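Each chain is listed here by its residues.
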Amino acid sequence: MNAAAAPVVIPLLSGLLCAALQRRRLRWAASVVGAVAGAAASVWLVVLAREHEVVVLRFGDWPAPYGIVFAVDLLGALMSAIGSWVALCALLALLARPHLRLDGFFHAGWHLLLAGMNGAFLTGDLFNLYVFFEVLLVASYFLLTLGSTRRQAREAFTYVAVNLVASTTFLVGVALLYAAVGSVNMADLALRLPVAPPGLVRPGVFLLAVAFGVKAAVFPLYAWLPHAYMLPSGAVAAYFGGMLTKVGVYALYRLFTTLQPLQGPAPAFVLVAVLTMIFGVLGALAQEEIRRILSFHIVSQIGYMVLGLALGTPAAWAAGIFYVLHHIGVKTALLLVAAAVEVAYGTGALPALSGLAHAHPLLGLAFAVPALSLAGIPPLSGFWAKVLVVQAGFQAGQGPAVAASLAVSLLTLLSMTKILTGAFWGPARERESIPAVHYAAIAGVGVLTVVWGLGGGWLLDLTTVAAQRLADPEAYARAVLGGP
Amino acid sequence: MNALVALLVGLLFAVGTWLLLGQRILRQVIGLAFISHGANLMVLLSGGLRGRHAPLLANPEPRADPVPQALILTAIVIGFGVTAFLLALGYRMHALEEDDEP
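Chains as they are written, first to last, in my numbering: chain A, 1 to 484; chain B, 1 to 102.
Calculated from the structure, these hints are not laboratory results.
Note that the structure is predicted; figures quoted are calculated from it, not measured.
Pair ranges (Cβ atoms, derived):
| id | chain 1 | residue 1 | chain 2 | residue 2 | range |
| --- | --- | --- | --- | --- | --- |
| 1 | B | His94 | A | Leu410 | 44 to 54 Å |
| 2 | B | Thr17 | A | Pro351 | 38 to 48 Å |
| 3 | A | Ala475 | B | Val5 | 36 to 46 Å |
Where a beta carbon is used, it is the ideal one built from N, C-alpha and C, also for glycine.
Isolated chain B (complex conformation) (with noise of 0.2 Å):
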């Protein structure tokens, strides 16, 4: 299950990459948006995923680490504005007028 995992984050960062290396902003910021769900991916592999329980004192199962799981909520959250500032910035460029293209 790591090693696919891992696989996984990999490609991600493998397609975001060549994405990034496009020429339109569209392709770009897909591409931004996969590398950073490849990190975040990482995160939560970083806490192993052999816990398969709710995270809490009275469950006597093995637990999940939480702690990945809030870096990762944070990182999503993170990740998402940036896009969406990308995207903006992508339509003010195709919104606005070719004034001063050399």
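Same shape as in the complex, but just chain A (with noise of 0.2 Å):
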């Protein structure tokens, strides 16, 4: 055994432990000293894998590609390490509610989620992807439904519903790749990808790529999310709306990185890139909810991620991992304060509210950094995303691409001001108190884009070499199957 297991193991063991222990305070304590160990795990996971370009963990010592394995590239632990540092800040926006009753079994559906995405960041298998997928996404259904109205239910079925058609298409696409080069191994597959027939290959790929896109909520298959963000409380969807669909962005990098790499800029995804940053912002637009408008530009902002990918270079690619990186701090802190602003006026309508900002300055200010960031406002990260994103957009001669995406960001602000005018300004009319906690948990993901935007170098030094690993699938074969 080594590093590389410990944050799958740790989160299910604390899950374990919370469903176990019968009093709240006993079992709060559980839920956050694991969410540390297991953040802790995986910053540590990233200094290996930065050190030792793939950290491969043999379950039972079974010699690769017979055994499964896990295979940590400097990607994957990046991912894995934001997604346990969201879990962590999620989880204390809900401590700070003393009146919540939350049963040991919300605690461990709560771990098995960070469980699962970690799995999936981590692991070096195919199939092992499609298991640990499941995984987080069965604690994903329990989370969503816990405590569900009728009509909830009814929202959450079509939520349950997409995904497993998904997951089904995923298992498909699986089989076709096994069937052409008969391994599930991702080191494997990387190498007998390019000699296999490309009969089985091709759809196989596509298959997979149709699966992760419903999962990541690319156009045109977003429909289902800006529906499912609004049924969970408020932190539970901060915890969704940062993680989940990055989930699948990180499973598209995956595929056309690792297992078939994009030689250069894709002109279809490309285009699928745009449109999705279209069709997400203009869906925002048309939205009176703080949360929906969030929502909608999660399908927006998962564009510019694509865009990176599709791009097909290894700067494109750095900048998209930068993007993505930067967009789940900024959108969980984001999502944090609707869920602040719903838990204490019980309403996250635009009309329903206003003078926020008079009441509660800080709240003011926990909202305007991460939603200037989002719009791509320096010197915040999101600025240094978007400039990267652009750069690398020119370098490719993507230009009306690049254009597109300048355009939306625009109409980004547009919508962030739209929030800011209609909740934040203006007179206040009452006075809720929100625990400090919960700025606490805010401050914990918002303060990424500041420090990032100010001081982000070594970040990008980071993915700019994760990206050029991305761009070596020989050396991770090599890596994780041993030999010369």
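Take the two lone chains, each set in its own frame, and fit them into one complex as the hints suggest.
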């Protein structure tokens, strides 16, 4: 055993422990300590992956590709680290609500979701990826439907059905690739897919892309997202909105770098990315509810991340990964602010809200900073993320896509201004209290955008290294399979 | 044989999709079950249907590919769990009061 399994094992253990503990305080202690330990393990894994290229764990010491392996490269480790951090911060936001009755199974579901996510980021086996997707989806079904009313249950049914069909598509894709090369180990696939019969590989890869596209909510497969994210309580939505779609984005990166490396810009894929941006932002403009607006912006921002991937150069991938990390922090912070408003005032509808910035100056700041970062205002991290994607777009000769992305960021600013003027400006009506712990939770994720904006050079260095390693699947395969 | 099973997979997907597009919850759940069984059969097909003997090293006969069988077993368990969850969710919809219907 080595450190590679720790980000999966720790949440599993702490989730089980939470389900078993009877006392509320003990449960919370176990839950928070488990989340902190998981985050620490993931950060440690980033350090290891930076140093060793790929950290490989062979379960039962079976040699790859026969046994199941965890193969942690820098991309996986970075995703796992930010995911564990988001899980911790969103959990703190729930701690801020002392009247909320959470049973042990809620904590168990929370940690199971984290274990599934981390497993998906760290595994080096395509079928194992499917299993971890299912683990995180089942946990998300559970968290989504907990205490639901009749109508919520019906909306949740749609979410489950959509994801089940997507998972089935994933499974069929895996079957086609297995039929083509006789392996499900990603390193092995990376070596063998280029020489396999294209009649099986092409539909297989296409089906995988569709399955990951549903999870990542890219155009035209995003319609489930804005409804689903309205269902759970605010902090759960922040956890989902920050991380769930990004697991799909990660899987797309893995598919189109390690398994089927893109060579230069893929026009159809660029088009999908641009349409995702445009449809997401246009959907957001029509909404009048903070969380719904933010949900549509998730779709829109996914477009930028996919654009980074679709450009097909290591520089663009580095920009895309930077964008993913930046966006996770920003989006979780925004949704946590929305959660605070919903808990304190009982609604997130813009017409019902006014003057929040007067009543809570700190909350106004906590919303304005990530909101401006989302729209790409310097010196926040969103500005650098957009600059990097735009630069990579010009280098790849995709002028129209770059122009579209700039127009979309203008519309994003408009949409954020709508929330700011609608809910935060104007005369304050009444003042409810917002607990300090909730502010701490928002600050935990919100501070990332400021830090990475003012001094994000080290993060860009990390994502550049991660992208360069993605561009060399042979080295990845050598590290996992052993041999020369 | 392969072609026959492939046709069966297609039939399962078609029937499942048709059921899924219906209005009633139970129909949709059964449709999803059909679709996931189609996928399971597809995985079995991916290993080829030629080998007829247990995959033991001592066995000199042509052997079946054991990997798809292991994969299917996992997929069946997952499909079973999710179907059970869907049925529970459908029951919940049925059992809850119509308190917030528009």
